[in-house]
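Novice: Read top to bottom, the protein sequences are chains V and U. One point on numbering: in the numbering used here, the residue at position 94 of the first sequence is 94, and numbering is uninterrupted. So the mapping is simple: the numbering used here equals the position in the second sequence, first residue as 1, plus 1000.
Heads up, a few of these hints could be off.
Capping the alpha-carbon separation at 27 angstroms, the derived lysine-lysine pairs in DSS-like fashion look like this [stated by the list, open to error]:
1) V/LYS105 <-> U/LYS1080
2) V/LYS285 <-> U/LYS1006
3) U/LYS1006 <-> V/LYS301
4) U/LYS1079 <-> V/LYS285
5) V/LYS261 <-> U/LYS1013
To list a few chain V residues with every Cβ distance to chain U over 12 angstroms, as calculated [as the list claims (entries may be wrong)]:
6) LYS105
7) ASP234
8) TYR371
If we take Cβ atoms under 7 angstroms as the criterion, some of the chain V residues that face chain U in the derived model are [claimed, not checked]:
9) ALA305
10) ARG370
11) LEU373
Quick caveat, the hints were computed from the structure, so don't treat them as lab data. Don't be surprised by glycine CBs; every beta carbon is placed ideally from N, CA and C.
The chain contents come next:
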Amino acid sequence: MGDVLRQEEIVNEARRFADEEVRPRAGEFDEHEELPRDIISRMAEKRYLLASLPEAYGGLSLDPLYYGYLTEAITKACCSTGGLITVESSLVGEALLRCGSRDLKDKWLPLMASGEKIGAFALSEPEVGSDAGAIRTRYQPEGSGFVLNGRKKWISFGAMADFFIVLASCGDQKTAFIVEREFNGVRTQPMKGLLARRASHVAEVELENVHVPAENVIGRPGGGFSYVVGTALDHGRYSIAWSGVAVAQEALDAMVSYARKRRQFDKRICEFQLVQGIIADAVTKTHAARALCIRAGELRKRGDASAVVETTIAKYFASKVAVEVAADAVQVHGGNGCSSSYPVERLFREAKVLEIIEGTSQIQQQLIARYGLRQYCRR
Amino acid sequence: MQPAEKIREFISKNLAVYDEGAVFGDDDNIFALGFVDSPFAIQLICFIEEEFQIKVADDDLDIENFTTVNRVVEFVRGKKGL
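Kindly produce the complete structure, drawing on both the sequences and the hints.
Specialist: Here's what the structure looks like:
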């Protein structure tokens, strides 16, 4: 019970932090396409960056459920700020924790937790999105280490990252490496003009004859790839599922608040039944999405193998709900919803990305359909 | 139920193919045959840890340890000192 109370207090504090320090600046982050260092430092001070990781590494040891609540609290205020937690905790942190050597964990995780070093997960490439197995970035053994060549794209926080988990191939073998920004041959190019996640320092990462020492390999060369990618994407999907709930809830809050104030035809628009229908659907969908996330979180907490597919279901549904509710929130706002003066305009853009990152909805549908086809067949 | 039976049953329940005639032997590579999808690698680790109460360490996370029923059985027995 003591640990539940501790975690509840952390999440309550995160909600206060989001309300007071993040939400008021979310529009500014989006407009300037930058998550400022002071916000990152504040999150590091509060140990949010590796919130799901053990306290021994500087994390908060939040269990999956409370990690979900924390993700919702921060992402609700600003998707790029929440996205930093997704990248640090779920993608880089969890992959290192599960698959990294003791030396790699001891070196990098405390630096990440303190915000001294920012990590990024470099899987996608200009020609490789959903088909992760087809990566074209190459590695070759050389001396006691490896040489990497290739180009990564759409790397969240890549423009500011101090190191990258880079996935590369050598013939049929695929391996994950830690590549430090200061290694010769590493260049990054910020990507601007994006639909959403504009403050997430998204970048292209170019690797030209980059020498990587053997001790920077994560997992077994060749044999560990499935686990590094699988761990990162599984945790990433869980975080994005909660991000979907966050966007939907924020859009719902904005929709309801606006509908209760806005007057047309001498009535508040919330008195019109057609607007009430929109609100009813938004409430129902948001509650349903949260229920799926909670179920996935409880299964993850128990270490149940079915948590993987339940996380996929939660991610698919919650991101879809975020898109629908954010679109309806714009609709309720009318013309005002099309202006950046109102947060729903940003939420509308942010929601769409959730259906793409950490596995498109179509990839999730395939996985869910396979599960359904074997689970629900009468024999 | 013996470890081999438990592992075989878990794999059978999670096949990514729905051909009624799809069968796999204890030495068949279920990943190479396309009998399971990519998230299954993580699911199998969760299952092994939960079912057999063992911790799969970072050094153990080599796909070659988990490609066939017999390899998984060998891995579990090794971990449990059987």
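Novice: Do the alpha carbons of V/LYS261 and U/LYS1013 lie within 27 angstroms of each other, as the hint requires?
Specialist: It is violated: about 53 angstroms lies between the C-alpha atoms, which goes past 27 angstroms.
Novice: So if I understand the rule, the pair passes when the alpha-carbon distance is 27 angstroms or less; does U/LYS1079 with V/LYS285 pass?
Specialist: violated, 45 angstroms
Novice: Does the alpha-carbon distance linking U/LYS1006 and V/LYS301 stay inside the 27 angstroms limit?
Specialist: Holds - the C-alpha atoms of V/LYS301 and U/LYS1006 are around 22 angstroms apart, at most 27 angstroms.
Novice: When the nearest CB of chain U is found for V/LEU373, is that gap smaller than 7 angstroms?
Specialist: Since the shortest Cβ distance to chain U is 5 angstroms, the answer is holds.
Novice: Examine each Cβ of chain U, and state whether all of them lie more than 12 angstroms from the Cβ of V/ASP234.
Specialist: Non-interface label on V/ASP234 violated, nearest chain U Cβ at 5 angstroms vs cutoff 12 angstroms.
Novice: Is the interface hint satisfied for V/ALA305? The criterion is a beta-carbon contact with chain U at less than 7 angstroms.
Specialist: holds, 4 angstroms
Novice: For a C-alpha distance cap of 27 angstroms, please report whether V/LYS285 and U/LYS1006 respect it.
Specialist: violated, 38 angstroms
Novice: Does the CB of V/ARG370 sit less than 7 angstroms away from some CB of chain U?
Specialist: Holds, because the Cβ-Cβ distance from V/ARG370 to chain U comes to roughly 5 angstroms (cut-off 7 angstroms).
Novice: Is it true that the CA of V/LYS105 sits at most 27 angstroms from the CA of U/LYS1080?
Specialist: Status holds; Cα separation ~26 angstroms.
Novice: Taking the minimum C-beta separation from V/TYR371 to chain U, is that value above 12 angstroms?
Specialist: Given a closest Cβ separation of 8 angstroms, the condition is violated.
Novice: Report holds if the minimum CB distance from V/LYS105 to chain U is greater than 12 angstroms, and violated otherwise.
Specialist: violated, 8 angstroms
Violated hints for the displayed structure, listed by number in ascending order: 2, 4, 5, 6, 7, 8.
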